[in-house]
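Asks: Produce the complete structure using the sequences and hints provided.
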Amino acid sequence: MRTPTTRGRLLTLTTAALALTAALAGCSSSGGKKAEESASPAGGGGPRLKIAMVTHSGAGDTFWDIVQKGAQAAAAKDNVQFLYSADPDGGRQAQLVQTAIDQKVDGIVVTLAKPDAMKDVLAKAAAAKIPVVSINSGADASARLGALVHFGQDESVAGEAAGQQLAKIGAKKALCVVHEQGNVGLEARCAGAKKTFGGSMQNLYVTGTNMPQVKSAITAKLQADKGIDGVLTLGAPFAATAVQSAKEAGSTAKIGTFDMNKDLIASIKDGSIQFAVDQQPYLQGYEAVDELWLLRNNGNVLGGGRPVLTGPAIVTKDNADQIAPFAERGTR
Amino acid sequence: MTQATTGPAAADERVARRDPLRRLLVRPELGALIGAVALFVFFSATADAFLQTSSFSTVLYASSTFGIMAVGVSLLMIGGEFDLSAGVMVTSSALVASLVSFQLTLNVWAGVAISLAVTLALGVLNGLLFVWTKLPSFIVTLATFLMLAGANLGVTKAVTGNVASDSIRDMDGFASAKDVFASEVDMGGVNVNVTVFWWIAFTVVATWILLRTRAGNWIFAVGGNADSARAVGVPVARTKIALFAGVAFCAWFSGMHLLFAFATVQSGEGVGNEFFYIICAVIGGCLLTGGYGSAIGAAIGAFIFGMVNKGIVYADWNPDWFRFFLGAALLAATVVNHLVRRRAER
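The listed protein sequences correspond, in order, to chains P and H.
Residues in the first sequence are numbered from 1 upward in steps of one, following our numbering.
Residues in the second sequence are numbered from 1001 upward in steps of one, following our numbering.
Rather than coming from a laboratory, the hints here were simulated on the basis of the structure.
Check before you lean on any hint, since a few could be wrong.
Stated by the list, open to error - In silico lysine-lysine, DSS-like type, Cα no more than 27 Å apart, as pairs: (1) P/K262 - P/K168; (2) P/K172 - P/K50; (3) P/K215 - P/K173; (4) P/K269 - P/K172; (5) P/K195 - P/K173; (6) P/K124 - P/K104; (7) H/K1157 - P/K221; (8) P/K262 - P/K226; (9) P/K215 - H/K1157; (10) P/K124 - H/K1178; (11) P/K221 - P/K172; (12) P/K129 - H/K1178; (13) H/K1157 - P/K195; (14) P/K172 - P/K129; (15) P/K129 - P/K168.
Replies: Structure, rendered in structure tokens:
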């Protein structure tokens, strides 16, 4: 592109020396691709923003991976540098929000699974004039803690939708499999489903971190009560397990579930699972980042002070084909 | 380096003066200190936000939440034992204080006092079970760990109907208790959490006990060789029970911080933290076999842990690799520590 003048060569040498020093130091804080990216305004335009997302996720969770993909897509479009961190421990999640404040980010996306743990640190974010958007859990605490908008699924509403689906597939006596004892959101899903289902429904508590135990517990329940003709699981991996349990117990119970992944789409297509209630995690990540960008560049606030629902979206055999390619690439 | 032993003054090598540099190098905490300085320089160079005073205060706070527990845990490890229940005991302690205060509508300080009594009793129970059963402390405290984790959820759900305790933010005494356990102190424009000062104070007290009191000698003795210690008249059982109670005391303090920092307590938290406390003590030079280590070392270990924990975030590294970096940094710090000590002892 350029002719190698003496000055150019000197520049190249200096750059090479600098790069070597940087490499020796471990990581570069200046120059390189990062600087190039921040210099050129891409996609959405406007000044380059830095937005941090801090969630209560454990490591290696499919759901949060999809949330991140959504956030990254919005970040790429909006010229945003996207930072992600997570810790399931409430106190440590609050510390991570504090590190985001220390880094002087332009916006924070946070989950409020433990709202009281986040109260003080969100007050600090407000004091530092950093806008905050909440996603996923904590719709009721969001406004109180100073978040502008909440993007998530109302668990009761989603439960009601699941109950209707269960009734639609002809179940009369159903099981709601709770994979984390004491999780308020999961309880709300079962309660919502019970409300609209019409038939009888009981909860079965299993240890979600131990899949063989989940399987044996559902199998035992189906063997003990042959009258059960519907199983509602609250997470995609548990639906696949419930299918195995039903086979093992010789039960003809029909299975529906919350949440989504690509294996689930195949099961819905072949009919082993009847429906999925998707809360569209991609939207939670995407909309949160995009909202912070909109706020900065156009002063927009979504939702009018109320939570913006990202679900439930029902996936059945009828629309599975349409959604399959998106699930395949891990964004649904 | 051989001067001291070959010189005329060293007719008897046992009374020879040792080279001061070597004396410094065999201190348990020196390797950790070198590791800490190296990591500090590394993160200062790679993370832009790391050197700000506010970031440093965040790092110190994170370190203190591990460090306070590491004080008790390191003393116990020098005494030759483990406590795997330390992580959930913090949660238990916070739950006791909050449930008692809320359900009985007491001044929260009453809850704090009752929690202290209950938590110390749990520590003593750990110690007694260990002494009575003569099982390894690893097994005994693994059992109490599981029991406490179950009781935390079971009792909280039975009493409140939820998985978290009710907020005690608006109750009498909350403000003053928050001042003691979870306030922020303005240090020339930077807010430093009060736990940082408590952490330093606990470390100083523990160091004094270890190096200047008879109890300190007993701790090293029971950790080095319990039978020989008993033979020369050290009260082995009492010392070990006291060490378990010491861990419980630290757990109580950490629990009070948890409660007054956030007003409610999640009953499922704390699981897994016990390993972080042990890691802090080990980075700081405590031997897994007992009989060797220091409280200052554990404090430096906690500082290393806090620095890595937050430094990775400040450096904007890929979060997927977070635990890999954490493990690698810990390995490096421990290896440096080990090499320095081996060289010095040779």
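Asks: Compare the structure with each hint and give your call.
Replies: Here is what the structure says about each hint:
1. P/K262 - P/K168: holds, 24 Å
2. P/K172 - P/K50: violated, 51 Å
3. P/K215 - P/K173: Roughly 19 Å between the alpha carbons, so the hint for P/K215 and P/K173 holds.
4. P/K269 - P/K172: holds, 23 Å
5. P/K195 - P/K173: holds, 13 Å
6. P/K124 - P/K104: holds, 12 Å
7. H/K1157 - P/K221: holds, 24 Å
8. P/K262 - P/K226: violated, 30 Å
9. P/K215 - H/K1157: This hinted pair holds, its Cα atoms lying about 26 Å apart.
10. P/K124 - H/K1178: Judged against 27 Å, a Cα distance of about 17 Å means the pair holds.
11. P/K221 - P/K172: The given pair, whose Cα atoms are some 16 Å apart, holds under the 27 Å limit.
12. P/K129 - H/K1178: holds, 25 Å
13. H/K1157 - P/K195: holds, 23 Å
14. P/K172 - P/K129: violated, 53 Å
15. P/K129 - P/K168: violated, 49 Å
Consistency with the previously given hints fails for numbers 2, 8, 14 and 15, ordered from lowest to highest.
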